[in-house]
Structures are given as structure tokens and as C-alpha cells.
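Residue numbers (this note's numbering), protein chains in the order written: chain A, 1 to 115; chain B, 116 to 227.
Incorrect hints may appear among the rest.
Think about it this way: if two alpha-carbon atoms lie no more than 20 Å apart in a straight line, the pair counts; the simulated DMTMM-like pairs of lysine to aspartate or glutamate are [as the list claims (entries may be wrong)]: (1) B:K214 - A:D56; (2) A:K69 - A:E79; (3) A:K71 - A:E1; (4) B:K171 - A:E53; (5) B:K214 - A:E62; (6) B:K182 - B:E118; (7) A:K57 - B:E172; (8) A:K18 - A:E1; (9) A:K71 - A:D56; (10) A:K69 - A:E53; (11) B:K157 - A:E1; (12) A:K18 - A:E79; (13) A:K18 - A:E62; (14) B:K157 - A:D38; (15) B:K214 - A:E53; (16) B:K214 - A:D102; (17) B:K214 - A:E79; (18) B:K214 - A:E1.
Simulated from the structure, these hints should not be mistaken for lab results.
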Amino acid sequence: EAQVTQNPRYLITVTGKKLTVTCSQNMNHEYMSWYRQDPGLGLRQIYYSMNVEVTDKGDVPEGYKVSRKEKRNFPLILESPSPNQTSLYFCASSLTPQGAKDTQYFGPGTRLTVL
Amino acid sequence: QKEVEQNSGPLSVPEGAIASLNCTYSDRGSQSFFWYRQYSGKSPELIMFIYSNGDKEDGRFTAQLNKASQYVSLLIRDSQPSDSATYLCAVNGYSSASKIIFGSGTRLSIRP
Numbered sequence: 001e002a003q004v005t006q007n008p009r010y011l012i013t014v015t016g017k018k019l020t021v022t023c024s025q026n027m028n029h030e031y032m033s034w035y036r037q038d039p040g041l042g043l044r045q046i047y048y049s050m051n052v053e054v055t056d057k058g059d060v061p062e063g064y065k066v067s068r069k070e071k072r073n074f075p076l077i078l079e080s081p082s083p084n085q086t087s088l089y090f091c092a093s094s095l096t097p098q099g100a101k102d103t104q105y106f107g108p109g110t111r112l113t114v115l
Numbered sequence: 116q117k118e119v120e121q122n123s124g125p126l127s128v129p130e131g132a133i134a135s136l137n138c139t140y141s142d143r144g145s146q147s148f149f150w151y152r153q154y155s156g157k158s159p160e161l162i163m164f165i166y167s168n169g170d171k172e173d174g175r176f177t178a179q180l181n182k183a184s185q186y187v188s189l190l191i192r193d194s195q196p197s198d199s200a201t202y203l204c205a206v207n208g209y210s211s212a213s214k215i216i217f218g219s220g221t222r223l224s225i226r227p
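Please build the complete structure, drawing on both the sequences and the hints.
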């Protein structure tokens, strides 16, 4: 079954404690993205990756890091989380750049709360 | 001005009626237009995409695109309670043909 998985699904943490949200896809897609979703603001892109070792900033990259060492995995790293990073996070993958000509497949989401 | 604008709703429509969802975008160079459906607590899923001016039909769903007016809409015929969800409009962005910009979504409620 084609899917994007994320872990953890729910996370409560404290300010400044480094965390990683993992993302993995089994569709051999080259393109992967991270989004955050906040009420009234829609989905905003944090980072995206065009292939292994190729990443670029999206609209709201401050406070986040990513890496793409393997094609299937695209972890999101918060080195020093702050309360304004409390949000719902989605990982997505697609055949074409960010789903420009097809769909993006979204993971189930990670609800992060930073106290 | 937001790049992709949608009325946040909620839009309430009686079961069996036509639901009409609207979206405007700011970049005249946009090429690809998408409608995603998102149930509460779930991830978005693509239901329609359109590239050319005019209408595109898929079952009960019709996407309409008017590039001159920078307007894209989604019509849902014979609305069902299972259509109750948030509908996200997405447009490929102004800075690159590969960047997708999402609207904030319209919450649709189908009342029995």
C-alpha cells in the first residue's frame, strides 16, 4: 500500500528540548515536503526536498532543519522548540515537484505541543 | 493580499443540494489548480485538479477555472453528509512553477 508515515503522531514537549519528527514514504518519490497547519492560516510549507541531499526552504523555515540522506526518509528537526511551533505538521511526497502536476500524498500528521 | 483566498465558512448546505466553493488567486502566471478535501483530524487528500479554462467533471464534483478572473471553484452536486469537511484550494505559486500555495480552506457542512 502506497503511504507516507510520520512518527510520532502526538508529542508534548518543553521549550528548548530538541526533537525529531520522522517521515517515510514507500512510493519512490523524489519530492518531499514538510508543512505546518494552523487555524486560519492553511498549510504553509516549511522545507522541501527534490532528491537525496537536495533541500530548500519553504515559506516558514525559521526554527526548523531537515535532512535527506535517503530517498524514502525526510525527518524534520526542531533544535530548540518554542511555543510558537505548536502546530499540526504534515509530511508529503509526490512524483512531480511539490505535486505541481499531480497529487501530493500526505502523511497522517503530527500534532506538536510545545510548553 | 493573500496569494490564495477562500471564504473560511462554515458553508451550510442541505443534503441533496449543490455546494459551491470558491477560490481566488493573485498570480496570473499560475498553471495548476487543485482541490483537496480534509476531514477533521485527518490529512488532506486530492479530489480534483484542473489546468485549463472551463469545467472539469468527475462524478459529483466539477471544478471550474477562469484564468482571466483568477478564479477557481468547486461544485459538489447531490451533497451528502460525508461531504462535510474542509476544502483546500491550492495553486502553483508565483515564484516557481513547482511551488504550491494553499488557501486556508472553506469548512463545508451538509445538513440532513
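Here is what the structure says about each hint:
| no. | hint | result |
| --- | --- | --- |
| 1 | B:K214 - A:D56 | 11 Å, holds |
| 2 | A:K69 - A:E79 | 18 Å, holds |
| 3 | A:K71 - A:E1 | 18 Å, holds |
| 4 | B:K171 - A:E53 | 38 Å, violated |
| 5 | B:K214 - A:E62 | 18 Å, holds |
| 6 | B:K182 - B:E118 | 14 Å, holds |
| 7 | A:K57 - B:E172 | 35 Å, violated |
| 8 | A:K18 - A:E1 | 32 Å, violated |
| 9 | A:K71 - A:D56 | 15 Å, holds |
| 10 | A:K69 - A:E53 | 6 Å, holds |
| 11 | B:K157 - A:E1 | 18 Å, holds |
| 12 | A:K18 - A:E79 | 5 Å, holds |
| 13 | A:K18 - A:E62 | 15 Å, holds |
| 14 | B:K157 - A:D38 | 14 Å, holds |
| 15 | B:K214 - A:E53 | 19 Å, holds |
| 16 | B:K214 - A:D102 | 12 Å, holds |
| 17 | B:K214 - A:E79 | 26 Å, violated |
| 18 | B:K214 - A:E1 | 27 Å, violated |
Of the numbered hints stated above, those contradicted by the structure are hints 4, 7, 8, 17 and 18, listed in ascending order.
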